[in-house]
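Between the sequences and the hints, there should be enough to build the whole structure, so can you do that?
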Amino acid sequence: MPNHVVVIGSINVDAILHIQRLPKPGETMEMDAFSQAAGGKGANQAVAAARSGAKTSFIGRVGDDANAAFMRGELAKNQIDTEYVTTTIGTQTGQAYILLQASGQNSIIIQHGANFALKADDVQQAANLIQSADFVVAELETPLAATTEAFKIAKAASKVTILNPAPAQKDLPLSLLKNVDLITPNETESELITGIPVTDESGMRASVAYYHELGIRGVIITLGSKGAFISLDGQATIVPAFKVKAVDTTAAGDTFIGALASVLQTDLKNIVEAATYASMASSFTVQKLGAFPSIPIGDEVRAALSKSRK
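Each residue of the sequence shown is one higher than the one before, starting from 0 at the first, in numbering that gives the first Met the number 0.
Any given hint could be a false lead.
[Stated by the list, open to error] Here are the simulated BS3-like cross-link-like pairs (lysine-lysine), alpha carbons at most 25 Å apart as the crow flies:
1) Lys118 / Lys151
2) Lys151 / Lys244
3) Lys242 / Lys154
4) Lys177 / Lys154
5) Lys242 / Lys169
6) Lys244 / Lys169
7) Lys23 / Lys118
8) Lys268 / Lys151
9) Lys54 / Lys23
10) Lys151 / Lys242
11) Lys169 / Lys151
12) Lys177 / Lys268
13) Lys225 / Lys242
14) Lys118 / Lys169
15) Lys268 / Lys54
16) Lys244 / Lys287
17) Lys76 / Lys287
Since the hints were derived computationally from the structure, they do not count as laboratory data.
What follows is the structure, given as structure tokens:
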């Protein structure tokens, strides 16, 4: 049976500004091109899970604009259950403005829109859905109260919770963290949360110790092109990244999370193998433009993994 993954999170339309480099203060410069794509950290993670074979459901909000119909359609195309995607009247669907440099690196400005209308009440109405899941996944582009309630319901039902703390916030509430099974920051997010620079292995080990002391069983610190540092049950390892030419890093981290949740066992015992799969999935994502358009399907990832082992 495939994993059932429930994602609580953001739904955005990405406006992508293709530029050679970031402008300097006071500088005016031309863009090379402009494009739009479906995105949002939560939606990206859901699509990545669905394309890797997970039964996937979504809890979130859209506005009452044309972008809402577009995003509902895109989620439906990926066979994602949207029963608990609610419309917020008089509000725009979330948007992200992505400054995509020629190097493939990006800077992102978020307009939360309807995403920030998500409430604990919305989550409570979806309690039966959460209780039926194998994994409940959330990030921080929607209000903390909704995520905290979702994880409370999940843990009471002995479901596995995965928190992607992005965009990073200091002083995350203990009411949330006490119900987190696996946390997945990148190195800059982790430093903001813990105050510990992740520049070498000693920093990585100090960082994961911080999370474990909070009661979080599993930690994955993603390190971009350097891979991912994993700590679980007293064992730590680095899963290397697959070397590819990056065109656009948008949704790479989200692909990692969704792909991971699709193949992870609920006891987390295959976390290294699952992270290796997720790393390969991310390597596909950075080779194409946009969020949804760049996320691979599971067969592609598995074939590439098989080839890499020969």
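Verification of the hints:
1. Among the hinted pairs, lysine 118 with lysine 151 is consistent with the structure: their alpha-carbon atoms are about 14 Å apart, no more than 25 Å.
2. With a C-alpha separation of about 41 Å, the suggested pairing of lysine 151 with lysine 244 is violated against the 25 Å cut-off.
3. Among the hinted pairs, lysine 242 with lysine 154 is inconsistent with the structure: their alpha-carbon atoms are about 37 Å apart, more than 25 Å.
4. Taking the CA atoms of lysine 177 and lysine 154, the gap is about 10 Å. The hint holds against a cut of 25 Å.
5. Between lysine 242 and lysine 169, the direct Cα distance comes to roughly 32 Å. Violation of the 25 Å bound is thereby established for this hinted pair.
6. Only pairs whose Cα atoms come within 25 Å are accepted, and lysine 244 paired with lysine 169 is rejected, the gap being roughly 33 Å.
7. Between lysine 23 and lysine 118, the direct Cα distance comes to roughly 39 Å. Violation of the 25 Å bound is thereby established for this hinted pair.
8. Between lysine 268 and lysine 151, the direct Cα distance comes to roughly 23 Å. Compliance with the 25 Å bound is thereby established for this hinted pair.
9. With a C-alpha separation of about 45 Å, the suggested pair lysine 54 and lysine 23 falls outside the 25 Å cut-off, and the hint is violated.
10. With a C-alpha separation of about 39 Å, the suggested pairing of lysine 151 with lysine 242 is violated against the 25 Å cut-off.
11. Of the supplied pair hints, the one linking lysine 169 and lysine 151 holds, its CA atoms being roughly 21 Å apart against a limit of 25 Å.
12. Annotation: proposed proximity of lysine 177 to lysine 268 holds, straight-line Cα distance about 21 Å (limit 25 Å).
13. Note on lysine 225 and lysine 242: the hinted pairing holds, with a Cα-Cα distance of about 9 Å set against a maximum of 25 Å.
14. Between the alpha carbons of lysine 118 and lysine 169 the distance comes to roughly 21 Å, so the proposed pair stays at or under 25 Å and holds.
15. Distance hint between lysine 268 and lysine 54 is fulfilled; the C-alpha atoms sit about 21 Å from each other, no more than 25 Å.
16. A C-alpha spacing of about 10 Å is found between lysine 244 and lysine 287, which places the hinted pair at or below 25 Å, so the restraint holds.
17. For the suggested pair lysine 76 and lysine 287, the alpha carbons sit about 19 Å apart, so the restraint of at most 25 Å is met.
Hints 2, 3, 5, 6, 7, 9, 10, counting from the list given before, are not met by this structure.
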